[in-house]
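Colleague: Sequence:
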Amino acid sequence: MAYSTLRQNNSNHPAQVNHKDLRAFIQSCARERYGDEAKEIQITAVMDLVKRRNSFVLAGTGYGKSRIAEMFWDLFPKCRKAMVLSLNPLDSLGDNQVEEKMKAKKPISAVNLTKMNLNDKVAKEIMDGKYSFIYLSPEVLLNNSIFHDLFFDSKFRDRLVSTVVDEAHMVYMWGLVALGKAKKIISHLKHQDRAIFRPSYGKLGSKLVLTNGVPLLLLSATCRPVAIAGVLKSLKLTSDNISFSRAELTRPEIQIIRIPMESLFKSCDDLLQLFGSRDQTPDAKVVPAMIYSTTRALTMQVLKVINTARGTNGGQNNPSSHFARQYHSCTGEKTKLDVVSDFASDQVAVVYCTMALSLGQNWKRVRMVAHFGRGDPASLFQMIGRCGRDRKPGLAIMFVEPHRKNGKNCVADFEDDEPMNQTEDDRMDALAVTPVCLRIAYALDNFVQIGSATSP
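In the UniProt record's numbering, the protein residues as written are 1 to 456.
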């Protein structure tokens, strides 16, 4: 049977095709849409969704997790006007996904719903099947009256084929916040702009159980075993109704190096070594880079230090600098748009940012990512994944504290530790002193076998 006929004929829905033919059909559709071969993990996850099984995909940034929902949607006859619901922790992530889908070789109609743009007109367009992918925040799903009416409309339910929860590890983190247990896990405060992530992520389970068997697709670039257990509990899932697909969380084209900090943290002087003078390297030749830190308070100091390294004293006060600019949650909205646009179009070489810019952008020009300060190791490695997304070599630099007061400052300090009971501070201390390759250390932290795909 021709694949085109299979896709167009409702009586031969992919779910009714045998395993071998279904796998070939998914690969064929992916090749037709993207021009290359689908990865094994992508196909496996799509097949789980076809069988109406919930799927949890753990794979590093840049792996192609966002393609999975597209590949699944592509299997349905277009006359059905199938819809995918995607929940995001950041509005900017939804905006970016919509833009990517509209600019793709084969565009897919999409809309990002926020409390500002969701009105009766947009609701009618959704009901009429104008949009195939609907991005929204947890607050819109849980609290918006217009979307509430949409969600429980039988016509909407008939078209809904899957619900995606992006950055699924946040379900666990904000579930702790919602339950008042956040004091026991402080990593969500270490990266300051994680505050813009929604606490409502911890309350999704009560709504998602009402989707009448529509399969869930959970996506995350990092999720420790304790977090996975928390996510499943929060979403009211059990191990017998979800499949796991795991891929390597760090990409081999990214070289990770660790630099012990020698100066005071607040001085940021360790960053002086990152850039040479402008006389030697013009702004247009500076390696495209993102510098992350854990707090907004360091913004101007970081910009001052790296401009000093360039010999451009006072450059931190230039909002139109072609060398470096700042981005965090308190940056003005127009300035945010300008920074994102100028960095994407090669008008600025370096962006200093907090976690507010760690998600939602798929820039292929980033060659270097540097992280400065303490934080949650899981978030740190997610930031590292911002570089080398074009599969060309990338450099990740971790500035670490070689000695922390009352911390664990040598390998022997960890000998009596129970891995599941380690705090985020313990894990950061471990990254600072471990003699093991950092890619291996991170893989072990997440219980993922390097160089292979596993499914428990």
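If you are wondering where the hints come from, they were derived from the structure by calculation, not from laboratory data.
None of these values were measured; they are calculated from a predicted model.
Each hint should be verified, as a subset may be incorrect.
Keeping only pairs whose Cα atoms sit at most 25 Å apart, straight-line, the calculated BS3-like set for lysine-lysine is [as the list claims (entries may be wrong)]:
| id | residue 1 | residue 2 |
| --- | --- | --- |
| 1 | 364 | 392 |
| 2 | 103 | 51 |
| 3 | 236 | 207 |
| 4 | 39 | 266 |
| 5 | 51 | 39 |
| 6 | 101 | 39 |
| 7 | 78 | 266 |
| 8 | 266 | 236 |
| 9 | 51 | 233 |
| 10 | 78 | 103 |
| 11 | 130 | 39 |
| 12 | 115 | 155 |
| 13 | 233 | 121 |
| 14 | 364 | 336 |
| 15 | 121 | 105 |
| 16 | 266 | 51 |
| 17 | 285 | 266 |
| 18 | 115 | 78 |
| 19 | 203 | 78 |
| 20 | 78 | 124 |
| 21 | 103 | 39 |
| 22 | 124 | 101 |
| 23 | 364 | 101 |
| 24 | 236 | 124 |
| 25 | 266 | 207 |
| 26 | 285 | 155 |
| 27 | 392 | 105 |
| 28 | 115 | 207 |
| 29 | 51 | 78 |
| 30 | 81 | 105 |
| 31 | 106 | 364 |
| 32 | 78 | 130 |
| 33 | 101 | 334 |
| 34 | 408 | 392 |
| 35 | 115 | 203 |
| 36 | 236 | 285 |
| 37 | 115 | 285 |
The following label-pair restraints were derived from C-beta to C-beta distances [what the hints assert, rightly or not]:
| id | residue 1 | residue 2 | range |
| --- | --- | --- | --- |
| 38 | 77 | 105 | 18 to 24 Å |
| 39 | 206 | 423 | 43 to 49 Å |
| 40 | 363 | 206 | 34 to 40 Å |
A virtual CB, placed ideally from N, CA and C, is assigned to each residue, including glycine.
Colleague: The structure should be examined with respect to each hint, and the outcome stated for every one.
Modeller: Here is how each hint holds up against the structure:
1. 364 / 392: holds, 9 Å
2. 103 / 51: violated, 30 Å
3. 236 / 207: holds, 10 Å
4. 39 / 266: The hint is violated at about 44 Å.
5. 51 / 39: holds, 19 Å
6. 101 / 39: At roughly 20 Å apart (the allowed maximum being 25 Å), residue 39 and residue 101 satisfy the hint.
7. 78 / 266: Violated, at roughly 56 Å.
8. 266 / 236: Distance of about 43 Å is beyond 25 Å: violated.
9. 51 / 233: Holds, because 22 Å separates the two Cα atoms, which is no more than 25 Å.
10. 78 / 103: Distance ~19 Å between residue 78 and residue 103 Cα, so the pair holds.
11. 130 / 39: violated, 30 Å
12. 115 / 155: holds, 22 Å
13. 233 / 121: It is violated: about 37 Å lies between the C-alpha atoms, which goes past 25 Å.
14. 364 / 336: Holds - the C-alpha atoms of residue 336 and residue 364 are around 19 Å apart, at most 25 Å.
15. 121 / 105: violated, 28 Å
16. 266 / 51: violated, 53 Å
17. 285 / 266: violated, 29 Å
18. 115 / 78: violated, 29 Å
19. 203 / 78: Since the Cα atoms of residue 203 and residue 78 sit roughly 33 Å apart, the hinted pair is violated (cutoff 25 Å).
20. 78 / 124: holds, 19 Å
21. 103 / 39: Roughly 22 Å separates the two Cα atoms, so the pair holds.
22. 124 / 101: holds, 21 Å
23. 364 / 101: holds, 16 Å
24. 236 / 124: Judged against 25 Å, a Cα distance of about 31 Å means the pair is violated.
25. 266 / 207: Violated: residue 266 and residue 207 sit about 44 Å apart, past 25 Å.
26. 285 / 155: Roughly 54 Å separates the two Cα atoms, so the pair is violated.
27. 392 / 105: holds, 22 Å
28. 115 / 207: holds, 18 Å
29. 51 / 78: holds, 20 Å
30. 81 / 105: holds, 20 Å
31. 106 / 364: Holds: residue 106 and residue 364 sit about 20 Å apart, inside 25 Å.
32. 78 / 130: holds, 12 Å
33. 101 / 334: holds, 23 Å
34. 408 / 392: violated, 36 Å
35. 115 / 203: holds, 18 Å
36. 236 / 285: violated, 51 Å
37. 115 / 285: Judged against 25 Å, a Cα distance of about 41 Å means the pair is violated.
38. 77 / 105: 18 to 24 Å: holds, 21 Å
39. 206 / 423: 43 to 49 Å: Between residue 206 and residue 423, where Cβ atoms are some 30 Å apart, the hint is violated.
40. 363 / 206: 34 to 40 Å: holds, 36 Å
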